[in-house]
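Going down the list, the sequences are from chains V and Z. The opening position of the first sequence corresponds to residue 909 in the numbering used here, with each subsequent residue numbered one higher. The opening position of the second sequence corresponds to residue 1209 in the numbering used here, with each subsequent residue numbered one higher.
Any given hint could turn out to be false.
Stated by the list, open to error - Part of the chain Z face toward chain V, derived, beta carbon under 7 Å:
| id | residue |
| --- | --- |
| 1 | Val1234 |
| 2 | Trp1237 |
| 3 | Thr1239 |
| 4 | Ala1261 |
| 5 | Ala1270 |
| 6 | Gly1280 |
| 7 | Thr1287 |
What the hints assert, rightly or not - Stretch-level coverage of chain Z by chain V, calculated; a stretch enters the list once three of its residues show a Cβ under 8 Å from a Cβ in chain V:
| id | region |
| --- | --- |
| 8 | 1219-1230 |
| 9 | 1240-1246 |
| 10 | 1340-1348 |
As the list claims (entries may be wrong) - Pairwise CB distance ranges, derived in the manner of DEER restraints:
| id | chain 1 | residue 1 | chain 2 | residue 2 | range |
| --- | --- | --- | --- | --- | --- |
| 11 | Z | Leu1364 | V | Leu979 | 19 to 25 Å |
| 12 | Z | Thr1356 | V | Glu975 | 22 to 28 Å |
| 13 | Z | Pro1344 | V | Pro938 | 15 to 21 Å |
| 14 | V | Ile972 | Z | Leu1364 | 40 to 46 Å |
| 15 | Z | Pro1344 | V | Arg951 | 51 to 57 Å |
| 16 | Z | Pro1344 | V | Trp971 | 26 to 32 Å |
To be clear, the hints were calculated from the coordinates, so they are not data collected in a lab. For each residue, glycine too, the CB sits at the ideal point set by N, CA and C.
Here is what each chain is made of, one letter per residue.
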Amino acid sequence: MARAAQLGGRFDTVVFAACVLVALVFGGLPEEMRDPVASALRRTIVAPLIGMQRGAERWRTAWIESERQTLQLDSAGMFRTKAKSLEMENDRLRRLLGLGARLDWGFVPAEALHTEGRTEDVITSLTLTAGSSRGVSQYSPVVTVEGVVGLIQTVDPKLSIAILYSHPDFRVSAMSADGGAFGIVYPHLDVSASRMSERYLLELRNVPFRSSLAVGTPIYSSGIGGAWPRGVLIGTVVDSIVETERWSRTYLVRPAVNPAHVTSVMILTTQRVGQGVGNIWTNTPPADTQRRPAADSAAAVAADSALQVAARRDSVRRSIARRDSIRRDSIRRDSARRDSLRDTTRPPPP
Amino acid sequence: MRSSLVARTAIMCALLIVMHYTVRPVLAWRTSIDFLLIALVFGSVRMRPAAAAVFGLILGLATDSLALGAFGAGALAATIVGFASSWLKAVFFADNFALNAMFLVAGKWIFDLVYVLMSRRMHGLEMMSQLLLWSPLAALVTAVAGVTVITMLRPLHQEKAA
């Protein structure tokens, strides 16, 4: 028994030594002798294993690629959403700049901060980033290019708080575009919980019974009472409300301004309210119609390209005349600086 | 060794070798699990030292066929680890969790040591970081994975009590 174990142990050692020797020999073989052995192994016993490894690596690559594509799609979706919101904001700011140019004076531009709590609450007030230090006073009208937003309720030196047209205390005297019907605009408060979307509608009350308004009629501030200048767009008639009193009519008005989209506003100064705003809003088409119709787009593109060609020629001409431009540039910069520092709250000098 | 035990051991080793070429590329960790070494140690402790040495030599040569310029290094390392595992198992004569883990840690590290020294591809700091940092980490990962796999597949490789 012991002899058999001893023999077995010797046999193990001999085999082990032989294996080590084989491994060392293979390690020490020159490359041209090693390669056929390695190649034979690769083509026989290792081939199915390599096939499995290739499959596993393909699967991993496909998985990583799929994750990368998902990430790219997510990023693209995010960029598209951001681009859309930027486009909308850009559009609003452009129109606000257009309003600023039309108003020319008597306004304070401000940013609107939505500071109310839960998102499902009806927005009834806004914090504005302009205060008494810039000429804002209590009850100053707040407008956007679309029309009436609200009234300043509280004024601090740097900030002010405005109530929106949806606030229960909001009132504005109103009239139809032709001046044929007058009334007072109130917020539409009598709304059931299931129809909260109608909470942002307005009511044009106390319209004389003889004055009938069709659906779609624009309603403007009438200027009566002096709180609002005449001619600021409030909204359009969407329906009439049946009243128990038979001597006046009440209409439901869809406001021109969506409070959720208000990010930049203009606060009209008292002086400007007194002098009026002319026909800025009465001549402005509704926001939707300000965009180019699709039929005009081809002509617009052609006009744009013609303008680009002209601009290119102009830039070549300017580059030739650049030597004399330093003085002109400094004059231009001075005038631009003067323009940017211009006080929009006071009327321009005659 | 009875034929059923041989078959079970062969199936387990084949399964682990397949895992080396399917699971490892999917995980693609820096300190990867060496399923071949788990197969080698698992098979060796159930064989005579001579058979374990031959098993190691074949396994090593198969892996070396894919490594350019290191042919023989893996074969030598696997032969040493296989023989040592089988011989040590005969000395300790126990099959428990800690012993298996210890065999795997030591086996993997010795395999890497022999392979790195024999292949002569690394030098200086690179070799030191490989042997003192990455190899011990890979040995630990391999031991954890090996013990887990062996425990999970225990019904496959253990004989039922009569």
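Now the hints, each set against the structure:
Given hint, Val1234 (chain Z) at the interface with chain V, holds; its Cβ is 5 Å from that chain's nearest Cβ, closer than 7 Å. Taken as an interface hint, Trp1237 (chain Z) does not check out: its beta carbon lies about 12 Å from the nearest beta carbon of chain V, beyond 7 Å. Given hint, Thr1239 (chain Z) at the interface with chain V, is violated; its Cβ is 17 Å from that chain's nearest Cβ, farther than 7 Å. Residue-level restraint check for Ala1261 (chain Z) holds (minimum Cβ-Cβ distance to chain V is 4 Å; threshold 7 Å).
A distance limit of 7 Å between C-beta atoms decides the matter here; for Ala1270 (chain Z) the minimum to chain V is near 5 Å, and the interface restraint holds. Because the beta carbon of Gly1280 (chain Z) sits about 3 Å from the nearest beta carbon in chain V, less than 7 Å, this interface hint is met. Because the beta carbon of Thr1287 (chain Z) sits about 4 Å from the nearest beta carbon in chain V, less than 7 Å, this interface hint is met. Counting residues of the region 1219-1230 of chain Z whose CB falls under 8 Å from any CB of chain V gives 5; the rule of at least 3 is met.
Judged by the Cβ-Cβ criterion of 8 Å, the region 1240-1246 of chain Z is not covered by chain V as claimed, because only 0 of its residues qualify and three are needed. Under the rule that three or more residues need a Cβ within less than 8 Å of chain V, the assignment of the region 1340-1348 of chain Z is violated, with 0 such residues. Checked against the hint of 19 to 25 Å, the C-beta distance between Leu1364 (chain Z) and Leu979 (chain V) comes to roughly 40 Å, which is inconsistent with it. The hinted range of 22 to 28 Å is satisfied by Thr1356 (chain Z) and Glu975 (chain V), whose Cβ atoms lie roughly 26 Å apart.
Our hint of 15 to 21 Å for Pro1344 (chain Z) and Pro938 (chain V) is violated, since their Cβ atoms are close to 35 Å apart. The hinted window of 40 to 46 Å between Ile972 (chain V) and Leu1364 (chain Z) is violated, with their beta carbons roughly 32 Å apart. Our hint of 51 to 57 Å for Pro1344 (chain Z) and Arg951 (chain V) is violated, since their Cβ atoms are close to 36 Å apart. Checked against the hint of 26 to 32 Å, the C-beta distance between Pro1344 (chain Z) and Trp971 (chain V) comes to roughly 30 Å, which is consistent with it.
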